[in-house]
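Chains V and E supply the protein sequences, listed in that same order.
Under the working numbering, the first sequence has 76 at position 76, and the numbering climbs by one with no breaks.
Under the working numbering, the second sequence has 213 at position 213, and the numbering climbs by one with no breaks.
Worth flagging that the hints you see were computed from the coordinates, not collected in a lab.
Be careful, since some hints might not be right.
[Unchecked claim] Each computed SDA-like pair below joins lysine to any residue, with the alpha-carbon atoms no more than 20 Å apart:
1. E:Lys-49 - V:Gly-161
2. E:Lys-49 - V:Val-150
3. E:Lys-49 - V:Gly-157
4. E:Lys-49 - V:Leu-152
5. E:Lys-49 - V:Ala-158
6. E:Lys-49 - V:Asp-159
7. E:Lys-49 - V:Gly-160
8. E:Lys-312 - E:Val-183
9. E:Lys-49 - V:Gln-6
10. E:Lys-49 - V:Glu-72
11. E:Lys-312 - E:Ser-301
12. E:Lys-49 - V:Pro-155
13. E:Lys-49 - V:Ala-156
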Amino acid sequence: MRLPPQALYLRSRGLPGALAALLGMAGAAAWAARWMVSLPNFDHTARLPVVVLGPLLAAGVIGTSLHTPSDELDRTAVRAWWPRRLVHVLVPTALAVALLALALPGHAEEFGAPAAVRNTLGLMGMAAGAAALVGARLSWLPPTFYAGVVYLAAPAGADGGAGWWAWVMRPGPEGEAWAVAAASFAAGTTLYAWRGARRTTGEA
Amino acid sequence: MTTTLSPPRTEKPAPVRPPAPLRTELRRGLGPWSGAAVALTVLVTMYGKAPEWQGRWADVTNLLHVSAGLLCGPLALAAGCWQGGRDRRRRTTELWESVPRSPLRRLLVSVAPSALWPAAGLLLADAVCLLATWPYVSAGRPFLELLAADAVAVAALGALGHLVGRVVRWRLTAPLLGIVGYVALGLGAYTEGPARWLGPAGEHQFFWDGPVWWFGPVSMAWTAGLALAALLAYGLRPARLRVLALVPLAVAVAAAGLILRLPQDEGPWRPDPALSRQVCDDGTPQVCVTAVDEGLLPDVSAALAPLSARLKGVPGAPVRWVSGPGGPALPGDVELPDARRDSVRDRLARPDLYLSSAVAWLFSDTCRPGDGTGPDAERASIVNLAVQEWLAPTPDDYGPDTTGAQQYIDRLDARSPAEQRDYLTRYLAANTCRPDEVPIP
């Protein structure tokens, strides 16, 4: 049986596994969100860890799928690569956004679907940019590091410009946080579509 | 004539020793970066919360402990996992098998950066934070053994992550391990019961306690024992030698047994009377703070001075302002708000705010449901506000709107000092939960 070239592309990037991981991530996020809200003394604001970690995991899954085992061969192709790279980032991100939005229903003004969508876009942009700069297999590291630092360092309120630098920790409808996340997504995706994942040897 | 041709004598070149493999491993790759990332994570976190910890050893140790467990632990796991998969990514696994060194030795050398660098980064951040706290503390000591136990725990997590990275070949292992580690360590920190003291992020926020002396070393034995058992079980060959891994495992289990036998709620923490000792000034009413806040006493006395001047000699006025774990012990004691919470680097940040909250605490009668109702309720609450405002004007940018109470404040101001004292005496004698008892100025 001859597979269409798209299927070969999907397989060479391990995308079926990545999509399965995304589905698993969304299921785990939905379960964790329900469970945390059901705990005594917790209300819907307890979903903050899910709103940060779910998108972080999605960004890691999509970011590592940008790795290609045949980079030099790919670059000899006669067709332009940027449309494929762009689609490779946009389609799984759209899927992750939809899944996470479904996993966190209600309370859009706090830590619900809008915050999860914003974080997915922003962290995915970071991961795509990291893939272009440090290599796809290590692209999860910068967003993980950033989220880890901000998680404890972020103040409870928006003072000190927290809407800008701690955007993953902000409630859904905040303009500054959305601006940073959107800028990160645009910049990271553009950089990746333009340059592709950084060619790395065994180390990365 | 013949001359013997002897080869020119040259100095034998000194043999150039290749750098030890351990040094090369420590200097290359992800190791230094993970150490820097750990140090940066802790320092950024601590910097953002500096007013909360810069003043008490208990605060700084606790926050360092939590950020080590919750942030550095997962980071060490993920970085170690990435480092552990290196040989597989480079396809040098078989090459390593040809090296004339035992598998355990090779394993220990390659684990070293995963374990040592995060621990070193953490210790560096610890040292910076302790030095930044030192000038501003009054009593007690930093719990260095707990910080050392944190560093050992982070190193153990790095080593365990490294082993997982060696065994599991999946590109998402490292980020997933980091996130799962974060969730597991976070849940461990929030569980009730003695099991939370096994986790490296169990929080304890009480400023007048010290840990039992053996808790630090036993925690180290627990985490290091687990990691060492895993390393030996993986690296020892031939297989019959792997029984040796049971030795560190037994040590870890024994340590865990000791920790699990700790009391359920306070765990290893015991009250330290030297820290909760009351230190008082010689004013009237006397102002007392605990020994850990001794450095704040002049500021607190100065902040309360206008109030003390008004209350001096009034029957029913407080005899002593006290703060600390015991609360008001003698009749006439009134509790003070926590001064450390309102201070930055051993100075009261807002003395006016502190004064107004002290007055609010002074008049906070605990009312029963149904109290504070009746025809005079609204007027009584305005009078309460006026008295508080008259004793300690709330800062402009803070607190409730006092325009409604202004007429009573003006009336109080217009009176003679003797009349003011007389009114205060009647006010202090009244139960503010009963609106009809509250006297009108």
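Against the structure, the hints come out as follows:
| no. | hint | verdict |
| --- | --- | --- |
| 1 | E:Lys-49 - V:Gly-161 | 15 Å, holds |
| 2 | E:Lys-49 - V:Val-150 | 12 Å, holds |
| 3 | E:Lys-49 - V:Gly-157 | 13 Å, holds |
| 4 | E:Lys-49 - V:Leu-152 | 9 Å, holds |
| 5 | E:Lys-49 - V:Ala-158 | 14 Å, holds |
| 6 | E:Lys-49 - V:Asp-159 | 13 Å, holds |
| 7 | E:Lys-49 - V:Gly-160 | 12 Å, holds |
| 8 | E:Lys-312 - E:Val-183 | 55 Å, violated |
| 9 | E:Lys-49 - V:Gln-6 | 51 Å, violated |
| 10 | E:Lys-49 - V:Glu-72 | 48 Å, violated |
| 11 | E:Lys-312 - E:Ser-301 | 14 Å, holds |
| 12 | E:Lys-49 - V:Pro-155 | 8 Å, holds |
| 13 | E:Lys-49 - V:Ala-156 | 11 Å, holds |
Hint compliance for this structure: hints 8, 9 and 10 are broken, all remaining hints hold.
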